[in-house]
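Chemist: Residues per chain, in single letters:
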Amino acid sequence: MVDPAHVRGPREDWEAEFEAAARRPLPTRVHFSFIRTYKPVLDDAPYRSFETLADYREWCERNLPTWLGYGRTL
Amino acid sequence: MAARFDYPQAEAIRDVLSRHAVRYLFIGKSGAILLGFPDTTQDADLFVEKTAANGDAIASALLELGFELTAEQAAEIRRGKDFVQLRNGPFDLDLVFAPDGIETFAQAWSRRVEVAGFPVCHPDDIIASKEAANRVKDRESLPRLKAFREYWLKQRRDR
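Top to bottom, those sequences are chains A and B.
At the far end of the first sequence sits residue 58, using the numbering used here, and the numbering has no gaps.
At the far end of the second sequence sits residue 268, using the numbering used here, and the numbering has no gaps.
Isolated chain A, as found in the complex (with noise of 0.2 Å):
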């Protein structure tokens, strides 16, 4: 049986990963947080804009699918 003491929580992890985060230069990190993966409907056109960000979470809600995350529900 696991001794619950000696069960990392997720704090105590993410709290490893900001120690480590930080030991790392700036162009390092930026270098392996930006990932490039094509997200469909909303990388298909080259340009969007709206007159105001409500008009932007609706098309979201309405245009993208939604385990995209752009919503509010699933």
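Worth flagging that the hints you see were computed from the coordinates, not collected in a lab.
Note that the structure is a prediction, hence the values are computed from the model and not measured.
Please note that a few of the clues may not be correct.
Unchecked claim - In silico lysine to any residue, SDA-like type, Cα no more than 20 Å apart, as pairs: (1) A:Lys23 <-> B:Asp115; (2) B:Lys246 <-> A:Val25; (3) B:Lys255 <-> B:Thr150.
Chain A is already provided as a structure; the job is to place chain B on it using the hints.
Modeler: Only chain B this time, still in chain A's reference frame:
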């Protein structure tokens, strides 16, 4: 598809926008990453002050960075439409002139954090904007982002 955003692109934003005297802040997860948050994202988000002069400045800066803007698109950016998504340049970039959860640019500017010359929103403002947006992806990232804020504040206190 545009090139992946990397440090040289971040430097280009910083240097070109500085040369054009653009008032802006990195916001969202890209801002948090500059502050040290270990996570991933796909594009950079800039909170741009909504004034006529700043609109002119950011439009000129984007053209210099290599974004292919039509005259109509440049006019929209000069005017400061609240949200502009750019996929027509050397990297992906989102411009937000009125983010959720932040009252004014001036308030966010007064709390900004400078990281190697990059003007970045304070973690409180990044969190406030994600809380107000309340999207699924925001709710997923908020607990860890809040834990990072506590870590970041403690590091600054202990310096």
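Chemist: Evaluate each hint against the coordinates.
Modeler: So, going through the hints one by one against the coordinates:
1. A:Lys23 <-> B:Asp115: holds, 19 Å
2. B:Lys246 <-> A:Val25: holds, 17 Å
3. B:Lys255 <-> B:Thr150: holds, 17 Å
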